[in-house]
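Engineer: Chains as they are written, first to last, in numbering that gives the first Met the number 0: chain A, 0 to 282; chain B, 0 to 282; chain C, 0 to 282; chain D, 0 to 282.
FYI, nobody ran anything at the bench for these hints, they're computed from the structure.
Treat each hint with caution, since some may be false.
Because identical chains cannot be distinguished in the list, a pair is counted as satisfied if it fits within a single copy or across any two copies.
[Claimed, not checked] Capping the alpha-carbon separation at 30 Å, the derived lysine-lysine pairs in BS3-like fashion look like this:
no. : residue 1 : residue 2
1   : 277       : 25
2   : 201       : 61
3   : 13        : 264
4   : 13        : 146
5   : 141       : 86
Protein chains: 4
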Amino acid sequence: METAILLISCPDRKGILAEVTGFIAKNGGNILHADQHIDFQSSTFFMRIEWELDGFLLPKEKIEEAFRPIAEKFGMDYQLHFSSEVKNVAIFVSRYDHCLYDLLYRFKAGELPGNLKLVISNHTDLQPVVEMFGIPFYYFPKNRENKLSVEEREIELLEREGIDLVVLARYMQILSDRFVNRFRNRIINIHHSFLPAFVGAKPYHRAYQRGVKIIGATSHYVTEELDQGPIIEQDVVRVSHRDSVEDMIRKGRDLEKIVLSRAVKWHLENKILVYDNKTVIFN
Amino acid sequence: METAILLISCPDRKGILAEVTGFIAKNGGNILHADQHIDFQSSTFFMRIEWELDGFLLPKEKIEEAFRPIAEKFGMDYQLHFSSEVKNVAIFVSRYDHCLYDLLYRFKAGELPGNLKLVISNHTDLQPVVEMFGIPFYYFPKNRENKLSVEEREIELLEREGIDLVVLARYMQILSDRFVNRFRNRIINIHHSFLPAFVGAKPYHRAYQRGVKIIGATSHYVTEELDQGPIIEQDVVRVSHRDSVEDMIRKGRDLEKIVLSRAVKWHLENKILVYDNKTVIFN
Amino acid sequence: METAILLISCPDRKGILAEVTGFIAKNGGNILHADQHIDFQSSTFFMRIEWELDGFLLPKEKIEEAFRPIAEKFGMDYQLHFSSEVKNVAIFVSRYDHCLYDLLYRFKAGELPGNLKLVISNHTDLQPVVEMFGIPFYYFPKNRENKLSVEEREIELLEREGIDLVVLARYMQILSDRFVNRFRNRIINIHHSFLPAFVGAKPYHRAYQRGVKIIGATSHYVTEELDQGPIIEQDVVRVSHRDSVEDMIRKGRDLEKIVLSRAVKWHLENKILVYDNKTVIFN
Amino acid sequence: METAILLISCPDRKGILAEVTGFIAKNGGNILHADQHIDFQSSTFFMRIEWELDGFLLPKEKIEEAFRPIAEKFGMDYQLHFSSEVKNVAIFVSRYDHCLYDLLYRFKAGELPGNLKLVISNHTDLQPVVEMFGIPFYYFPKNRENKLSVEEREIELLEREGIDLVVLARYMQILSDRFVNRFRNRIINIHHSFLPAFVGAKPYHRAYQRGVKIIGATSHYVTEELDQGPIIEQDVVRVSHRDSVEDMIRKGRDLEKIVLSRAVKWHLENKILVYDNKTVIFN
């Protein structure tokens, strides 16, 4: 069953919901999900609405055109997606394999509604794992000197393969502003701390040092500022004085896997809207 | 700022959302919250929509009449509430005081948007506590013989005081079917287990006996069948072999307080719809 | 660094701890972990103590003999393990692959200190997965008629391979009493509910039907009674009216993986004592 | 049943456990709880051991003297407590009343094994609440000029009343180094964030601004550096884009109450050891 999905944000005012749902009803659409949110601080309206295309009077390729007058009337930012348009995904990885395995399994099992096209790494360690799952592996060694030129080739590959989403599955390299800007709100990173605590390197070591009683993991869209992008999902697990740094790292791996995979899933289902460096998650 | 709230359930079909939001828009209403849900198994549509009355073209007392044709067209069950109509609440309690204190505090602090009118107990132990908070206390001793006649007098009192919601804050008596039926979906109980585990008496003792690693608490609407009513909220806490029954009881008290108070809050905010012995929570 | 581990249970009385730690100290042992617990209801003493073998005056093979008088004096049940003795593990699986993948990864990554020797299944579906990880796969088709004789052959294989622990990774067959008895407290199952809620088949469907707000998973040792064995670990995740049965199944998979792997880890680390159909977890 | 409790920390070496438990056994003591921990990074040994005084051959007042040679042999820091010595507690509060009510209730209900002697505030708002519970209330208005001299008078009062523990129940004043030093590891504060995130003022506002998906609360011993003291306990609750700052504050209140009361309970039960700006919690 194919569906259409509208993601909308605009200044809040009267009548938006009636106009959007009226548009769908008038064209015979059967709404499956409708979720709206108003940020009262900034007076901004957000919406995700999904309806069946079967029986809808407008053909797919005419919907956007037909909707545009409403979008213009309310000054909407909007995205129109179709469930049939599966996003292409690239995973970036260095040497840690837990998130990679987890994602490979979830794509293979059909849990993540995307098309995993390729894996890129700055090391060859995980090539056998990736190929075991039948996914093309690309090796792009990086150092301080070649970083920007290598990124050029990576971007070229991503564009050639039509990549919609880049997942940094514990990729131990910082992407350039140019790269980030090229894939704005389409790069998801997993940070192994409960942000904004422990931004940057070695968060488990610092959590151990600080003596926290709970550790966390955070998935977020990548922006130019390290670990400062819009947070998509977080989760936590209890630790105690009995847990060494190694125990924290081990417990944290399970968090990282789950927190990253939820973010990837919601992104692929078009359930995330970014605004003001924050996310609205329609789930 | 006064608001109107519509709670709707009806068979799902095309156009409901457009019709309801169109009704509000046409009358100049500014929607603050709109949340809908479709149960695809039973093909049932649920909705909670809240809009400002300030600037709404229909006077409060005309809204229901104006909305009725839409309700009839779609075969809706609906409730129309106004934020200005604060519900009257009665608490029933026996001898345990933790949920009572918690609710007394929350009502006093303004956390719960209701009017706590009175407390009823089958014991006098907690009379000083209740009166310390300035709330009328009624003592209705019960035994097997007088139970039904005492309930009659309780119902009489509740009706005289215009009670909309009865909260059983660890009330150790089972209400008769007649009582339950009189306040259908308006009696909230806290059960000190993670239902459906440990229905009935002494759940912490049985949890200890079974060796569970997590205990829970459940708030639910009371029905004729013991601990079988629609679940409103649940929460849990970890236990280990180190926890005695007494430790579980102590840890459980904090759960019970929170789980009960959330349910009371949502009910008072008209955020709960009951169907098929389950709840839809619009929060 | 090799260590010795003593797991002890006995009637509680004065002097046990002094005697056991005195035994280790007298022989020059450096204690790394010592954890004791007294069940005051049954007046039972439990202990796990781990010390370095390096520098210990008794050779490994003499420790048990030297300790026996103490064990006899206090009427101890005890187990003596060495960290160098890695347990042999067999996984039983049917068609669901999420727990299998998870365990295969964890063994491969060295997270689980055991020797995964083989996988047994009553279907061939997961043979490629198992072999992808380089683990021997055995296919034992079962039906009502051949069940007991097939089990004989399974037990034979397990004994030939020196299997210490059997992990049922969503194995959809009930083991006979004979099998269970043969591997008493050495078969770990994952049940996809928060036991004792939803014992038996289709727990997610029943959780959906009951309208619970939290679902869980439980790992336990297998006993003759279905889903009644000693609980090792449980964990939970929130659900709402928005979650379909399929959503619950999906969310539950992540619970099942984590809850099962924790139990396997603790078992392999000799951190579990079973008594009175419950577990003491020294972690 | 009266018990003795030893809290010990010292450089780790062989034989400590045997010597301590031997001391208790030799004198006929019945050990109820024994919990030890070794920090392998710093090679430090920690222990809490509790035994019955009934039947113990040494009279209470002789125990410390008898134990001292062992303490000296191993270079121990140690504390000897008796369950009969109930600690005296003072609560400091400003205008927020949720933690205050919660503590007042828990002391009254016997959940917290301490003697709540008095409440100090820099405002008179909560005087009626405190007196409703029959606890003496002291009003010490503070401003920038008089702060140190007022603190002198507070310390004088605390000393006169024999206060062992100061609980800052959302006390909106920073204590001077002199005060902190006077009650080293005996002042517990509740900070309304998941430390080390959002140190300092308005953490909920900053959590909202940052768009976190989970908020927390932290109880800790107060040191000279703001919100940098040893963390005792933390807990968290989920939030979403739907939660306003006010919702976070409301949800946070329940966290603060629980996280603070757990810390107070453990302190009163002599279950906390502080080292290296961290805590070992023997629970």
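Engineer: Which numbered hints are broken by the structure, listed smallest first?
Structural biologist: Going through the list in order, the structure violates hints 1, 2, 4 and respects the others.
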